[in-house]
Amino acid sequence: MVRRKKKQQFVAYGVFAIFACFVLIAGQYVPRDNSLSRVVSDALTPVFQAIRQPISFYHDTKKELRHYILVKKNNDYLRAENAKMYAWRDEALHLRRENKQLKELLNMTESNSVVPIAGRVMADTRSPYARSVLIDIGHRSGVEKGQAVLSTSGLAGRVLEVGRYSSRVLLLSDHNARIPVKLAKSNTLAIVRGGNARRLELILVDGDNEAEIDELVVTSGVGGVFAAGIPVARVASIDDVIKVIPLTNFATLDKVIVHKRAATGIVGANGSFSKMED
Amino acid sequence: MRGWHFVPDSRLPSANAILPTLTILLAQLIELIPGTYLSGIMPWMTFSIIFYWGLYRSEYLPLWLCFSLGILADILTGAVLGLYGLMYVAIREVAKGQKRYLAMRNFPMMWIAFSSLIGGLVMIQTFILTSVGYIYDPFVLAKYVQTVFAFPIVYYVIARVHHHLVYEGWI
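If you're matching them up, the sequences are chains W and U in order. Take the first sequence: its letter number 17 is residue 117 in our numbering, and every next letter is one higher. Take the second sequence: its letter number 78 is residue 87 in our numbering, and every next letter is one higher.
Hints are computed from structural coordinates only; laboratory data are not their basis. Hints should not be assumed to be uniformly reliable.
[Unchecked claim] Ranges between beta-carbon positions, derived for each pair:
(1) W:253 <-> U:120: 36 to 42 Å
(2) W:104 <-> U:128: 26 to 32 Å
(3) W:182 <-> U:158: 45 to 51 Å
(4) U:128 <-> W:240: 41 to 47 Å
(5) W:184 <-> U:165: 53 to 59 Å
(6) U:161 <-> W:104: 35 to 41 Å
(7) U:38 <-> W:185: 54 to 60 Å
Keep in mind the model is a prediction, meaning the values are calculated, not measured. Note that the Cβ used here is the ideal one computed from N, Cα and C, for glycine as well.
Using the sequences and the hints given, assemble the complete structure.
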C-alpha cells in the first residue's frame, strides 16, 4: 500500500516536471505586450501609488534634510558653477543665433520636436529573466509604444506596452533591448545590446573603427525610434567584445521622462531596420 | 522558541482562509516597490511565505490559487508566463509533502530544507530557461542568497501575524 502510494507520488511529480517544462517553453512565446498585462498594471496603479507614498515621503524628507545640512557647501558650489554658466549661456545664445542664421541661409526645416512627459517608476519589475519597470503614466498622458524613456543621467529604455494609466518600460539591460547608437567622438554607428547584466554589449556596425575606453555612446537616431544624441553609456572595456556601462542606474531609477515622439520602426539585432505595423 | 511554530486552530476559518492569499499578495507588491532594498535586489519573499503556508495551512492555499498567484507575479514582472506559477506550485507541494517530517524538526532544519528546495528549483529553472535561449544572470544567485538569508525574518513575521491574527483573536 505504502509502495503503491509512493509510486503514485513519483508519477505525479514526473508529470508535474514534464508539465513545468512545457509551460516554461510555451510561456516564452506569449508576447510580453498583451492586453491582460495592461489591464492588471492599470488596475494595480492606485495600489502601487498608495504603497509608494510613505516610501517617497521618506526618501524626499531624507533628501531635504541632507540639503539643509549641506546648505553652506552647496551654496558655495552653486555660486562658482553659476559664474561658469553665465559664460556658457552667452556662448550658447551666440551659437543659437548663428545656427538659426545658417539654417535660414540653407532653407533647412526643423526636425520633429520632442515633447517631454514626466513620470515616476511605480513598480520595479526587474527579474532575473526580464528587465522592465512600470511607470505611472500611460495613454492619458500621451505615452505611446516605442517612445524613448530617459532618466536624469541618460537613456533608460523604451516604452514596451501602454495602458491607460501605466506603461511598461523595457530597460536597456533587458536581453531583448537593441538600441541604435554611435560613438560620440568618431561617429561610428553601432548597436547596444542588453544581456540581463549590468554591462551592455556594443556591436560596431563598421568593424574597422575602434572605440576608446570611457568614450561616450549616444543614440544615433537611425530608424527614427529615438532622437539622435541622447547619452546612453560609456565604453568600459574593449576585448573580444566591447562592453559599455549605461549612464542610468537602474537600481535607483525613480523619476523618468518619456520623449513624446512616435516610433516609426525597430532596429533588428543585426542592425537591419523594419517599419512597425502597429 | 515561542512563535516559530504556529499551533493549529480552527476557531476562525474565514480569517485563516484568506490570510495566505493576503500575505502572498502583499509580499508580491512589496517586492515590486522600487528603491526599498539592498543594491537593487529584493529577496523572493513570496517563496518563504508559500513555504510557510504549504507547511501549516496548505488547505487554504489550493493548487489553483497558488498557480493563479504565480501567474499574477509573471504578469506583473513581465517574466515568462508560467515561471512563477510553477515555482509557487512546486514549493507548496514539496512543503506540504514534507509537512510531517519538517513540523517535528527544529528551525535550522527547516531553514536548510527551504534553502535546498529553492536552490534546486532555481537551478532547474535556470537550466530550462538558459536552454531555450535566455542568458544566465548572476542576479539569480544574488537573489537566491538574499532569499535564504531573509527566510528567518519572513518566517518569523508570518508566524507572528498568523498567531496574533487568528489565535489571539485580533480579527
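Structure-based check of each hint:
1. W:253 <-> U:120: 36 to 42 Å: Given range 36 to 42 Å: holds, Cβ gap about 40 Å.
2. W:104 <-> U:128: 26 to 32 Å: holds, 31 Å
3. W:182 <-> U:158: 45 to 51 Å: holds, 47 Å
4. U:128 <-> W:240: 41 to 47 Å: holds, 44 Å
5. W:184 <-> U:165: 53 to 59 Å: At roughly 55 Å between Cβ atoms, residue 165 of chain U and residue 184 of chain W fall inside 53 to 59 Å, so the hint holds.
6. U:161 <-> W:104: 35 to 41 Å: Holds, at about 38 Å.
7. U:38 <-> W:185: 54 to 60 Å: Given about 43 Å between the Cβ atoms, the range is violated.
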